[in-house]
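So for the sequence shown, our numbering puts the first residue at 148; every next one is plus one.
Treat the hints with caution; some may be incorrect.
[As the list claims (entries may be wrong)] Calculated cross-link-like contacts (lysine-lysine; reagent style BS3-like; alpha-carbon spacing at most 30 Å):
(1) K188 x K229
(2) K274 x K210
(3) K274 x K290
(4) K277 x K175
(5) K303 x K319
Rather than coming from a laboratory, the hints here were simulated on the basis of the structure.
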Amino acid sequence: MPLGPPVFIQHLTNCEIIENSAARFECKVSGNPEPEVEWYKDGKLLKESKQLTFLYDDNDNCKLIITKGTAADAGEYMVVAKNPHGKVSSSARLLIDTGSTDDETASESELSELSGSEAEERTMTPKEEKITKYYTVQDELGKGRFGVVCKCIDNKTGRAYAAKFIKCTAPKDRQDVIHEAEIMSSVRHRRLLRLQDFFQTPTEMILVMDLVTGGELFEKVVEDEFISEIEVSHYMKQIMEGVQHLHQREVLHLDLKPENIMLIRPDSKQIKLIDFGLARKYNPKENLKVMFGTPEFVAPEVITYERITPATDLWSVGVIAYILLSGLSPFMGDTDAETLTNVQLAEWDFDDPVFDDISDEAKDFISGLLVLKANKRSTVDQLLKHRWFTIEKGKGKKLKTDRLKAFTARRKWRRAITAIRSTNFLSRILGSRGSDDKKSSGGGGGGLLARVKAMHAAGIQGSEGGVPPASSPFLSPASAAFSTSNSFTSVTVTERTQTQGETTVLEKETVTVTKDGQTTVKEKETTTRIGEFKQQDSTTEEVDNG
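Please model the complete structure; the sequences and the hints are all you need to start from.
Written out as structure tokens, the structure reads:
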């Protein structure tokens, strides 16, 4: 090699670790004569110690290993290589996920490390290469209707991620996945599931995301007999932090519910919000409307097909807080139709004796969210300053989790029986998967959504409170959604009972097919009993066989 200044063949890259695990920075630099290498943190020269190890080999590789990374080790690291002919440097950041239970340790500066300009700069297009070129795919973590989730290891860094393999060949299905990936890559915050990589093949799309192993928040909470109100406030503050970042990035989640709040690890009390499949970009100057959601958590303006705003997500946050504190669902009816009617009326209270042990601060927090008129709800910035989050430790009472156990069991059984995304009530009303303005722009105008839009355009409104009239398709979904088909022949396929402990589920399924065989309608009626508690649900899925 001729004489010359040092040159980086491989630069440093950012490193993110869980607290108390090892961190590694690597680079490759060559030069003649061989350069002298120094390491710096936040501008200060580092020296080898039990905590810091410097490694060099004959192939020009330079490594800095931090044996046990803590919050104090987070910051900017720089390697400087110099010889008589010149000097070069390369920098990268170390990010530490502390898993702390103390919200005060999550300072604004720490949060911004994962949410500032980096989020704006991240644009991700699918790689048309094999995932195995970059990752080693390992055990299957879960399986759903549309694909599987597997653990995978980054071949370069050794870090573990979750790879979601989604089977899709139709252009529309692929576009839906791309939409979800675009949303995920536009936000980057410790309270949100992050997209790390994106691949596509002729038959599937693959999303590589954070690996979260702690399970659903509600299921973790009910493992104990009691939960303190201060714990609930910590969880709710974390949820609000994630929602705040979404809204700062002009993204609405639109599917906030217990299943989409995960703990990062089994031993952690830190959460991440997941599932951005229904999320939408929000422009305050546009009149965005949608018709999808989960009945117990959806906001009134969604049901009445009115303009949605960041306040739409905050309604769902209020429902989650109400349930987490009491184990009671404020709007749940015997059927989804009844639940939606209750939501439209926005009638709820703190009358149950369980609220006798809940602080006025917590009740005030909820009261600022479960407000019928969206523009009257508290904002996310106001809520993060709410006095509920400043309650001193030991002041809040311990709350029994027995009712929350029943609530969680009911939702778990319901999900086990029915694929939520494809059979939720609002999707049934629409009669197709394309339920918002963007998805319904093509393919004719004879669907239910077009009829609902026409109703609203013609001035067919509900009362002042936004409740649809008795003829609204939201209150009589079956007749509205399928009134154009009058040549059905019905066949009952299954009727079975499942029992586990105190939980009994009776499921009845009816399949209806048009005479020409073009359409199949699957209807399910499910009755769930947990002790004396009873919940009845009905779902319908329409499939175009053409």
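To see whether the hints hold, each was checked on the structure:
no., hint, verdict
1, K188 x K229, "17 Å, holds"
2, K274 x K210, "29 Å, holds"
3, K274 x K290, "23 Å, holds"
4, K277 x K175, "26 Å, holds"
5, K303 x K319, "34 Å, violated"
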